[in-house]
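With the sequences and hints as input, model every part of the structure.
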Amino acid sequence: MARALVWMLLGLACSPDQLGCEPRAQSEGGSTSEDVEVEEQPAVVVRGDGETIEYTLRAPDADTHHLEVDAVVPAGGEELLVMMPVWTPGSYLVREYARNVETIRAETLDGSPLEIEKISKNRWRVTGEGELPARIALRYRLYGREMSVRTNFVDHDLLVLNGAPTFLTPVDGDFAYDLVLETPESWTRCVTGLREEAPARWHAVDFDELVDSPIICGDIDVSEVEVNGVPHVLATVGGGAIWDQTRALADVERIIEVQHRFWRTVPYPRYAFLNVLSGGGGGLEHRASTLVMGSRWSTRDDDDYRGWLGLMSHEFFHTWNVKRLRPETLNHFDYENENYVRSLWIVEGITSYYDDLLVRRAGLMTRDQYLGVLSRGLGRLQDTPGRNVQPLSMASYDAWIKFYRPDENSPNATISYYRKGALVAWLLDATIRERAVGKSLDDVMRLAYERYSGETGYTPSDFREVASEVAGEDLSEFFERYVDGTEELDADVALRLLGLRFQPVDEDAEPPAYFGVRTETDHGRLIVEHVPAGSPAYQGGVNVGDELIAIDEERLPANFAGRIARYRAGDEVEVLVSRRGRLRRLSVVMGTRPEDRWTLEVDPAATPVQRRNFQSWLGPESSPDERK
961 MARALVWMLL GLACSPDQLG CEPRAQSEGG STSEDVEVEE QPAVVVRGDG ETIEYTLRAP
1021 DADTHHLEVD AVVPAGGEEL LVMMPVWTPG SYLVREYARN VETIRAETLD GSPLEIEKIS
1081 KNRWRVTGEG ELPARIALRY RLYGREMSVR TNFVDHDLLV LNGAPTFLTP VDGDFAYDLV
1141 LETPESWTRC VTGLREEAPA RWHAVDFDEL VDSPIICGDI DVSEVEVNGV PHVLATVGGG
1201 AIWDQTRALA DVERIIEVQH RFWRTVPYPR YAFLNVLSGG GGGLEHRAST LVMGSRWSTR
1261 DDDDYRGWLG LMSHEFFHTW NVKRLRPETL NHFDYENENY VRSLWIVEGI TSYYDDLLVR
1321 RAGLMTRDQY LGVLSRGLGR LQDTPGRNVQ PLSMASYDAW IKFYRPDENS PNATISYYRK
1381 GALVAWLLDA TIRERAVGKS LDDVMRLAYE RYSGETGYTP SDFREVASEV AGEDLSEFFE
1441 RYVDGTEELD ADVALRLLGL RFQPVDEDAE PPAYFGVRTE TDHGRLIVEH VPAGSPAYQG
1501 GVNVGDELIA IDEERLPANF AGRIARYRAG DEVEVLVSRR GRLRRLSVVM GTRPEDRWTL
1561 EVDPAATPVQ RRNFQSWLGP ESSPDERK
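Numbering (the working numbering), first residue to last: 961 to 1588.
By construction, these hints were calculated from the structure, which means they are not laboratory data.
All clues given are correct.
So the derived label-pair ranges between C-beta atoms look like this:
#  : residue 1 : residue 2 : range
1  : H1116     : T1419     : 43 to 53 Å
2  : Y1103     : R1441     : 40 to 50 Å
3  : P1093     : V1131     : 15 to 25 Å
4  : R1221     : G1530     : 51 to 61 Å
5  : E1410     : P1229     : 17 to 27 Å
6  : R1411     : K1078     : 41 to 51 Å
7  : R1571     : T1419     : 33 to 43 Å
8  : R1540     : T1024     : 34 to 44 Å
9  : E1440     : E1410     : 24 to 34 Å
10 : R1441     : E1288     : 16 to 26 Å
11 : E1186     : G1432     : 37 to 47 Å
12 : R1411     : E1447     : 22 to 32 Å
13 : R1221     : E1440     : 27 to 37 Å
Computed list of lysine to aspartate or glutamate pairs in EDC-like fashion (alpha-carbon distance at most 20 Å, straight line):
#  : residue 1 : residue 2
14 : K1362     : D1444
15 : K1078     : E1039
16 : K1078     : E1062
17 : K1399     : D1434
18 : K1078     : E1296
19 : K1078     : D1030
20 : K1078     : E1056
21 : K1081     : E1039
22 : K1362     : E1489
23 : K1399     : E1410
24 : K1078     : E1067
25 : K1078     : E1028
26 : K1081     : D1132
27 : K1399     : E1433
28 : K1078     : E1089
29 : K1399     : D1422
30 : K1081     : E1062
31 : K1399     : E1429
32 : K1078     : E1038
33 : K1081     : E1298
34 : K1399     : E1425
35 : K1399     : D1452
36 : K1081     : E1296
37 : K1081     : D1294
38 : K1081     : E1056
39 : K1362     : E1056
40 : K1362     : D1343
We put the beta carbon where it would ideally sit given N, CA and C, even for glycine.
Below, the structure written as structure tokens:
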């Protein structure tokens, strides 16, 4: 039996002789479900000589945010081409990771230098006098001080390591990968989703797995719980005495349980939640782990904590939806170029629909709190003029050039495939529930997983056909209107089915004036940051970048909203602005703020059937307050 397995069975997070090794904290018991199947895992790849690339990472200059990488790679022939990825799967933007390679050299294994030449932004060519040896060494130095879930961060206390911005690999060939970390004493523990073969030594069966397995090192609080016979680790760094690890582990366990019941299958032998409490934000999914960032104070603020739980739920849902159930164009990654896909609304939008919904079904969010989340999503979409310009499928396709590079006009020209995708998923769920009794979007996701997970992948038409099959009728019109088109979302089907309504608007209340800009303060100057298309300011000619100085000869205070509140809809005002250093007077007619009519509530007149539908969708009532 391998030593690593022995240590796991003993309940240790590392080998007994590894620095900082302590028994794992484990919740009592663990949980199992008869309805959940643990998928059989493929056998470990048996490697032959010359088929493995070996990396050794060191951080002798961690205080200066540097890593040193030694890679022993198969070569032979007259030249060897190596490359570094330009993007990370799950984050659809070319990020040019090779910009952080500071020095690089190539050698024979006995230390004789070889020629290495950079031939493109992310490729190098290695040559020698005649044919290259069967194996050579690449030695390079990386800078890493970008704290995000896509990049590398290294200092005295912490390592956050991602594969794409770290590892050079031959352009051609299929290899397995071994990784060794020589850690400074200040990094007392390392955690990753990779299979550990020895202390601080891991193995990946291919480059996809290597890139898909982030590593964190530092003073890490490691807790473990077993669900359906499978171990799950919550590894938190930066929490200190402020973060409540015990509460977080218990609640993550409930999320795991409800997602296992949702999918009815467990596709991994072990899972790691890598929880970096650096004060940043974001998360990125991986096959056997997720890397998330947040605040150590989150467990002391209920709203922030629900946000953290939603993030955990979102990234964990991706374990099925995208890491295994993938659009066809993402089944084989091209790490050097954009991988275009029209189904990110399925990948991210449907996941965004289910993240908080499953937190709710796990009993970690009240009914009204979830309806509040859904209401805010509706309101934000309706406040985005780009919903009338960019179809959801094109928002997916253009993610590489638009979503991750927003500018002041983005809200007027684009929509988020996360936000609109989640709302389209809600309406699709309601449509299926109405047309096929006892069926829902849950069934669509499970059937799609059964047919298209693994090496198969799905096309947009494949997914639509599965949805139509579950609904029992053709849903082409639904997808044409809301995915390929820009029609306004019609929530009537969901309201009708679930017994919901939008909160009534007080017709007698006088609406406040609406000017229609978003501003920022720059050294006391009130600068226009965004002008929504169609707003009074837009119609009056106010531009992004204008400095707002006065309205009707009255100097504007920093509290711009307070001044606007003094006016009424229909008032015509003269606005003095400074544009590129020159004064300009503009006439603006105050309008009426778009009615805040997107707040959902349970209809007091809901029928017993609607109430049963509501409970089937949102989960059972769990407190007296929720029965009101």
